[in-house]
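Taking the hints into account, I'd like the entire structure generated from these sequences.
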Amino acid sequence: MGIDAVLLGITLALYGIAAIVYLWRMLREPGPPLMVATGTAGLGLVFHAAVLVAGGVRGHHLPFFNLFESLLFTAWVLVAMYLFIERRYGMSALGAFVSLAALGMLALSVALPKGIDIALLNPALRSPWSTVHIGSSLVSYACFALAFGASLAYLWQERLLKAKRFGLLQRHLPPLHTVDRLAYEMVMLGFFTLTVGIVTGALWAETAWGNYWSWDPKETWALVTWLVFAGYLHVRIISGWQGKWANRLVMTGFACVLITYFWVSFFISGMHTYVGR
Amino acid sequence: MHLVVIGLNHETAPIGLREKLRVPEAGLTAALDDLQAREEIRECLILSTCNRTEIYACTPTRADDATVRRWIEAYFGVTAEEVGSHLYSHAGHKAAGHLFRVAAGIDSLVTGEAQILGQVRYAYGAASGGGFTGPVLNPLFQQAIAVGKRARTETEIGRGAFSVSSVAVQLAKSIFGELAGRTVLIVGASKMGELTITNLVGAGCASVLVTNRTLERAQDLAARFGGTALPIEELVPALGRTDIVITATGAREPIITRAMAAAAMRARRGRPLFLVDIAVPRDVAAEVSTLDNVFVYNIDDLQAVVQSDLDNRRGEIVSVETIIAEETAAFTHWFRSLEAVPVISALRERFDGIREAEMAKLQARLRHLSPEDLNAINAAARSIINKICHQPMICIKDYSNSEEADIKLETVCELFGLCPEDEGPERDEASVEIGRTHGH
Chain S
9 MGIDAVLLGI TLALYGIAAI VYLWRMLREP GPPLMVATGT AGLGLVFHAA
59 VLVAGGVRGH HLPFFNLFES LLFTAWVLVA MYLFIERRYG MSALGAFVSL
109 AALGMLALSV ALPKGIDIAL LNPALRSPWS TVHIGSSLVS YACFALAFGA
159 SLAYLWQERL LKAKRFGLLQ RHLPPLHTVD RLAYEMVMLG FFTLTVGIVT
209 GALWAETAWG NYWSWDPKET WALVTWLVFA GYLHVRIISG WQGKWANRLV
259 MTGFACVLIT YFWVSFFISG MHTYVGR
Chain Z
11 MHLVVIGLNH ETAPIGLREK LRVPEAGLTA ALDDLQAREE IRECLILSTC
61 NRTEIYACTP TRADDATVRR WIEAYFGVTA EEVGSHLYSH AGHKAAGHLF
111 RVAAGIDSLV TGEAQILGQV RYAYGAASGG GFTGPVLNPL FQQAIAVGKR
161 ARTETEIGRG AFSVSSVAVQ LAKSIFGELA GRTVLIVGAS KMGELTITNL
211 VGAGCASVLV TNRTLERAQD LAARFGGTAL PIEELVPALG RTDIVITATG
261 AREPIITRAM AAAAMRARRG RPLFLVDIAV PRDVAAEVST LDNVFVYNID
311 DLQAVVQSDL DNRRGEIVSV ETIIAEETAA FTHWFRSLEA VPVISALRER
361 FDGIREAEMA KLQARLRHLS PEDLNAINAA ARSIINKICH QPMICIKDYS
411 NSEEADIKLE TVCELFGLCP EDEGPERDEA SVEIGRTHGH
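As given, the protein sequences belong to chains S and Z, one line each in that order. For the first sequence, our numbering begins at 9 and goes up steadily by one. For the second sequence, our numbering begins at 11 and goes up steadily by one.
Simulated from the structure, these hints should not be mistaken for laboratory data. Quantities reported herein were computed from a predicted structural model and do not represent experimental measurements. One or more hints might be untrue.
To give an idea of the chain S side of the interface with chain Z (calculated C-beta under 10 Å), a few residues [what the hints assert, rightly or not]:
no. : residue
1   : Glu37
2   : Arg96
3   : Gly248
4   : Ala254
EDC-like, lysine to aspartate or glutamate: derived pairs with alpha carbons at most 20 Å apart [to be verified]:
no. : chain 1 : residue 1 : chain 2 : residue 2
5   : S       : Lys252    : Z       : Asp321
6   : S       : Lys252    : Z       : Asp253
7   : S       : Lys172    : Z       : Asp43
Every residue gets a Cβ at the ideal spot worked out from N, C-alpha and C, and that includes glycine.
Structure, rendered in structure tokens:
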């Protein structure tokens, strides 16, 4: 446990520094070079990966079978995807949001009770579907978090432009078109992985519990989330609808993700409850 | 060596006079040739823009400033009364400080503008290419260009928007990101509108649509940008398929109403529409901006951005002045040490002259000395000179960088009978005289 705690501590510190540097770049001109922010976040990602590998080796399974590990895993995917996007779009405005989100998730994973290890709880529940189900769902959460960040940047920029407040922040927030497209692409990817997660979840449920769908709260909220994003993609692809309201819909969808992931896990008991009572 | 700048700018002279003293790029070498032909001009450079004409020159003495003034009067065909009160002149380190201020953009009409640095670079290139600059102006202008760059990277003097049309481009980029491939529509034909279009096309906008009450004028303008002219009746469908709209008509009533914009937005399905209204009175009804995804800015909004950016840059002047003070001090240190060079070499020449004269006499008188003996005596004499000169040379270098450098260096010259500023027969006479005295 000692080495894990040290690695996790280093990861937290690096994400904390990255968050400060990214924020500094947003609010000051000229800020520190982007290389410093990206380098710190990238190094954090390496230590973060080490935490996951250490956990996986000890547990003999992929590292997302309890709430602690699922948060660690999702945060890692989030940072990794962000760093890829930063490179691809040349856009670092989401860096502060992502490093703060990752920091929050790691802090939460430490603060929360470790919860029940699904894999250890009942070996009979193990199925090849379980890995795909959980992994795919968690990746979709990371995608939706990025889509949320992009839509937040969109709505913020939109508000500043409408209010004619052309300050430093307005100049440092990304262009509307760029974040609109990023939100769209992230929702596409998230929607695909969520669909895979739901389908494999149903297949797993059939082998473990005997029926595909049992209207468990998590299942219901996952379906609501799926429907919201399906609606977004529908109007976006079929009607070419975009702009302010499309981005508000993305934010609504992300609220559903939060409910599915956290609220259902903690406050409603059902078959998906991570935390033992 | 004396360094001087004499010139005028937008603050000291009216436009009419500035135009008279303007040296076009094509005539720059001819003007430099003419100036260099004056006997007192060792090095010279002309910096001429629409807001300033400045002559930088190196002459033997301060009195030669008059030569530069006379040249200005003769070359531009103006009288002393006409230009006298409009010309400013700075000498020595003040001239350097002035040039650094110009290069940093804080002496410009629009504080922090970037063009001036390019113009300084051009003026230096032209003068140094023609061999008009030398040991003083070369390092001075290289340093000035470095100061200009330093000011712009270390402070915010060069940041923000400089014109209404550059604000329009900046806002368009905040909405659309890259402008490549975007369509821009201009309603009405005006100078300002044309300037804005030019900037937008320069930033990548691909197609230009033009509409106007009279179709001929629209066609005229469209032809200039390789665009398409549309009759004014097609305004609403055009709003549906363009991204950026510039309105610049002379109409009394708004051309684009809320209903028209709402109709266009239904076709756009939420795609942002960017409207720049540079007309007075306004062409876009005020209520249009209440529509979602429609961004409307009028001339006052854009001018407010230009003004606030200008205010920000003016706030940076203090930091730029700090850089300039630093650089001017460095230049002054170097420039003053330059003053010591002729004194030191005159001193050495003086002593060497004495040594050579004495050696010649010695050789004539003591014929029995072998060449080896003579060489040994000569070497001893050299060594004595070196040892005597050592301390004075250090002092002269120090004097040149001290307060009252002029007086101290003059004292040294008097003491040893050196006149570094007036070379020629006088010195030869003096050395002969000294030689004779020693001979007796």
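Verification of the hints:
1. Hint status for S/Glu37 relative to chain Z: holds, with the closest Cβ pair at about 7 Å, below 10 Å.
2. This hint is violated: S/Arg96 has a C-beta 14 Å from the nearest C-beta of chain Z, more than the 10 Å allowed.
3. A hinted interface residue such as S/Gly248 counts as satisfied when its beta carbon comes closer than 10 Å to some beta carbon of chain Z; here the least separation is about 5 Å, so the hint holds.
4. Nearest Cβ of chain Z to the Cβ of S/Ala254: about 6 Å, under the 10 Å cut. The hint holds.
5. At most 20 Å may separate the alpha-carbon atoms for a hinted pair to count; S/Lys252 and Z/Asp321 exceed this at roughly 33 Å.
6. A threshold of 20 Å between alpha carbons decides the hint, and for S/Lys252 with Z/Asp253 the separation of about 16 Å falls inside it, so the pair holds.
7. Proposed proximity of S/Lys172 and Z/Asp43 is contradicted: the alpha carbons are some 54 Å apart, above 20 Å.
Checked against the numbered hints above, the structure breaks hints 2, 5 and 7 and satisfies the rest.
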